[in-house]
Amino acid sequence: MRKRRGPGQRAPGSTRSVEHTDGQSVLTDSLWRRYSEFELLRNYLLVYYPHIVVPPLPEKRAEFVWHKLSADNMDPDFVERRRIGLENFLLRIASHPTLCRDKIFYLFLTQEGNWKETVNETGFQLKADSRLKALNATFRVKNPDKRFTELKHYSDELQSVISHLLRVRARVADRLYGVYKVHGNYGRVFSEWSAIEKEMGDGLQSAGHHMDVYASSIDDILEDEEHYADQLKEYLFYAEALRAVCRKHELMQYDLEMAAQDLASKKQQCEELATGTVRTFSLKGMTTKLFGQETPEQREARIKVLEEQINEGEQQLKSKNLEGREFVRNAWADIERFKEQKNRDLKEALISYAVMQISMCKKGIQVWTNAKECFSKM
Amino acid sequence: MDMNSFSPAMPTSPLSMINQVKFEDEPNLKDLFITVDEPESHVTTIETFITYRIITKTSRGEFDSSEFEVRRRYQDFLWLKGRLEEAHPTLIIPPLPEKFIVKGMVERFSDGFIETRRKALHKFLNRIADHPTLTFNEDFKVFLTAQAWELSSHKKQGPGLLSRMGQTVRAVASSMRGVKNRPEEFVEMNDFIEIFSQKINLIDKISQRIYKEEREYFDEMKEYGPIHILWSASEEDLADALKGVASCIDKCCKATEKRMSGLSEALLPVVHEYVLYSEMLMGVMKRRDQIQAELDSKVEALTYKKADTDLLTEEIGKLEDKVECANNALKADWERWIQSMQNDLKSAFMDMAEENIYYYEQGLATWESFLTTQTDLHLEEASEDKS
Chain A
1 MRKRRGPGQR APGSTRSVEH TDGQSVLTDS LWRRYSEFEL LRNYLLVYYP HIVVPPLPEK
61 RAEFVWHKLS ADNMDPDFVE RRRIGLENFL LRIASHPTLC RDKIFYLFLT QEGNWKETVN
121 ETGFQLKADS RLKALNATFR VKNPDKRFTE LKHYSDELQS VISHLLRVRA RVADRLYGVY
181 KVHGNYGRVF SEWSAIEKEM GDGLQSAGHH MDVYASSIDD ILEDEEHYAD QLKEYLFYAE
241 ALRAVCRKHE LMQYDLEMAA QDLASKKQQC EELATGTVRT FSLKGMTTKL FGQETPEQRE
301 ARIKVLEEQI NEGEQQLKSK NLEGREFVRN AWADIERFKE QKNRDLKEAL ISYAVMQISM
361 CKKGIQVWTN AKECFSKM
Chain B
1 MDMNSFSPAM PTSPLSMINQ VKFEDEPNLK DLFITVDEPE SHVTTIETFI TYRIITKTSR
61 GEFDSSEFEV RRRYQDFLWL KGRLEEAHPT LIIPPLPEKF IVKGMVERFS DGFIETRRKA
121 LHKFLNRIAD HPTLTFNEDF KVFLTAQAWE LSSHKKQGPG LLSRMGQTVR AVASSMRGVK
181 NRPEEFVEMN DFIEIFSQKI NLIDKISQRI YKEEREYFDE MKEYGPIHIL WSASEEDLAD
241 ALKGVASCID KCCKATEKRM SGLSEALLPV VHEYVLYSEM LMGVMKRRDQ IQAELDSKVE
301 ALTYKKADTD LLTEEIGKLE DKVECANNAL KADWERWIQS MQNDLKSAFM DMAEENIYYY
361 EQGLATWESF LTTQTDLHLE EASEDKS
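Chains A and B supply the protein sequences, listed in that same order.
Mapped onto full-length UniProt numbering, the consecutive letters of the first sequence carry residue numbers 1 to 378.
Mapped onto full-length UniProt numbering, the consecutive letters of the second sequence carry residue numbers 1 to 387.
Since the hints were derived computationally from the structure, they do not count as laboratory data.
Small disclaimer: the values here were computed from a predicted structure and weren't measured.
Just so it is clear, CB atoms sit at the ideal spot from N, CA and C, and this is done for glycine as well.
Be aware that a few hints might be false.
[Said to hold, decoys possible] If you want the ones that stay clear, here's a sample from chain B, every Cβ over 12 Å from chain A, calculated:
1) Ser41
2) Thr44
3) Phe49
4) Lys57
5) Pro97
6) Arg127
7) Thr133
8) Glu138
9) Ser153
10) Met280
11) Ala301
[Said to hold, decoys possible] Between beta-carbon pairs, the in silico distance windows are:
12) B:Glu69 with A:His209: 47 to 57 Å
13) A:His209 with B:Lys156: 54 to 64 Å
14) A:Asp202 with B:Glu194: 15 to 25 Å
15) B:Ile114 with A:Ile84: 48 to 58 Å
16) A:His209 with B:Tyr304: 55 to 65 Å
17) A:His209 with B:Arg336: 42 to 52 Å
Based on the sequences and whatever the hints tell you, model everything.
Next up, the structure:
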C-alpha cells in the first residue's frame, strides 16, 4: 500500500488483499487519501471501539530530529518515512481481529469519493465523550479497576522513557555524524600533501580516498537508524492509545458510581418520606417545617414518583454494570493482545538495532584496514 | 609502538632502556640515555614554576660520571635550544613545546598540560642525543650534568646580550634584502617546507577536531545506555533485551574512551611536533639564506670596489667556506629529517588506523554476542511454543 501526504497534495494508494466481513479479498484501483482523512478514520475508530488500543498515526511533523535532518516536512526522506508509517497504520488495522471488519475502514480503502461524508453521517463526533467529562471522571472516580490504574502508570512511564531515549539518540547521532565527517577533511589534505611527496605520495593519496569513503558512510548508517527510531516512535504514540482506553474505563466507572450514588440517595429519600423521619436535609423538608406539613396525598404522589425513578435507576444501574464489566473484559483482552504485539515488535526492533551496529562496525573495520594498508605503503 | 627512546609514554629508566634498544639509523652503539620525569612545582616569592627531573646514563668517556640527575625548568630548555641554534645555525634543531598554549587546547590532551609538556621535553632531549652532531655539543653536556648554580654561571659565559641583539639586527636586515642566488636544491627545499607546513598545520587542526568530536560523542553515549536500564524497570519480557542493549552501549562507550586516549598518545603529539618542526625549518632556511646573504653582500662590495679589496677577498674566502659548510650541514640533516618525518608520521597514522580497527572490532564482538543471546532465546521460546 502506498499512501502519501503533503499539504494540498494527494497521493496514490492501492489496496491489496484485505479481509473484510464476508471473507472476500478485494483488489481495487488506486485511491488518493490525505493525512487528514487518516486522522478522521482514526478518530472514528476511537469512538466506536473505545475498548480497543487503536493503532497510532505516524507523526505529522518531524520531531526528535538531529542536525542533518532539517525539521522540514517536505524533506523527501521524511515524506517517505511517513508514507511507510501510514502504510503500517493501515496494516495494523487490517490485521486486528475486530477492527479489520469495520465498514468505514473498508470504505476508506475502497470508496473513491464521499468517504468523508459517509464517516460524518455516522454521527460519531456526537457520540464522542467530551474531554471535560473525561478529565472530571479521572479525578473523581473512586474505585477504578486496579489493572487500569497500573496500565495508566505504565503508559506514562513508557511515553517518558521512549521520549528521553529518542532525544538522546538524536544527540548521539549528531555527534557521530561529526566524528565521521571531519575525517573527510583528511582526504582532501592528504591528497594535497601527496603532491609534494615522492615516496609517500601514493600511500597518502589512497589513504585519503579511504578517509572519504569513511566520512560518507555515515549518511546511510544514520538513515537506517531513523527507521529504528520510527519503530520506537510508534510505541511512543501507542502510549496515548493505552491511556485512551484507561480514560474510557474511568469514565464508565465514574458514571456507574454516580448512578449508584444517585439511586442510593433516592432510596433514602423514599424511606424518609415513608417513615416520616428526616435524616437528610431537603428543601422540601425545611419548607414543610416552616410552612406546614404537606397532605398525605401529596406525600403519596411523591413516593410514587420516587419509586418509579428508583425502578428505572435500578434497571439503568444493572445495565451500566453489565456494560462496565463487558468493557473491562473486552478491553483487557485487547490489552493482552497489545502487550504481546509490543513485546514482539520491540524485541525485533532492538535486534535490528544490534544488526545495524554490527554492520557499522564491519564497515569501519574494512575502511580502516584498507587505510592502514595504504599508510604502511607510505 | 616501537620500543625506542622516542616513546615518552613508557616511563622506563635509562638502565632498562639500554637493554631494550633498537638500532635504526645510528651506526654507532647508543651510549647516552635520557629520561624526563617527575614534574614538581616550586613556589618562590616572585614566581611559581615547574621543574622536571632529568636522569642521564652514559658510558661516554667525556662525561665525568656514568649517571646524572638534575632538575631543569622550561627556561633552561629554551636556553639550550638557543645555544644549539647559535652553534649550528643550519642544522635542524628539534622543536620545543610551545611556551604558551593557545586557549582551549589544554583540555584537548587527556594527560593535561604538564604531562604533555613533559613528554615533549623528553622527546626533545632524546632527539638531540640521537643527532650525530648535536649529541656532542658542549652546552648539551652541561645542561644534562651541571648542578643548578653551575648552570647559572655557565649561562652567563655565553655571548653577551648586546652581541646577540646585534646578530638579530643583522639577520633581520639581511633577510629583508632577500636572497638572489639561492641554489636550486634549496629553492626546492623551501617550496617543500612551505607546502608541508600548510598541510601539517591542517592535519593538526583536523586531528584536534576529531578528538573534540569524539569527546562529545562519548559524553552523549554515557547518557544513552542508562536510559535502557530505566526502561527495563517497567518491562517484563523486554527487560533482558533492554539490559543487553544497555550493556553493549556501555562497552562501546569504554571503547570510545580508549580510542580517544590512543589518539592523544600516538597521533596528536606527533603531528603537533611536526607543526613545530615546520616552523623550525623555516627558521633554518632563513638562517642559511642569511649566511649566504653575508657572502653575497661582500662579493657585491668587491665588484663595486667599495672598500679595501685585499681585506674583502680574504673575508670572502672565509665566508665561502662558511656558506659551503652551512649548506652541506643542512643538506645532510635534511635527508635525515625527511627520513625521520616519513617514519614518524607513517607510524602515527598507522597507530591511528590500529586504534580505529581495534575500536570497531570491540564493537563487533559486543553486538554479535548480544545478538547470539537474543536469537538463542528466540529459538528457545519458539521450541517452547511448539511443545
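I'd like to know which numbered hints this structure contradicts. Please list them from smallest to largest.
17
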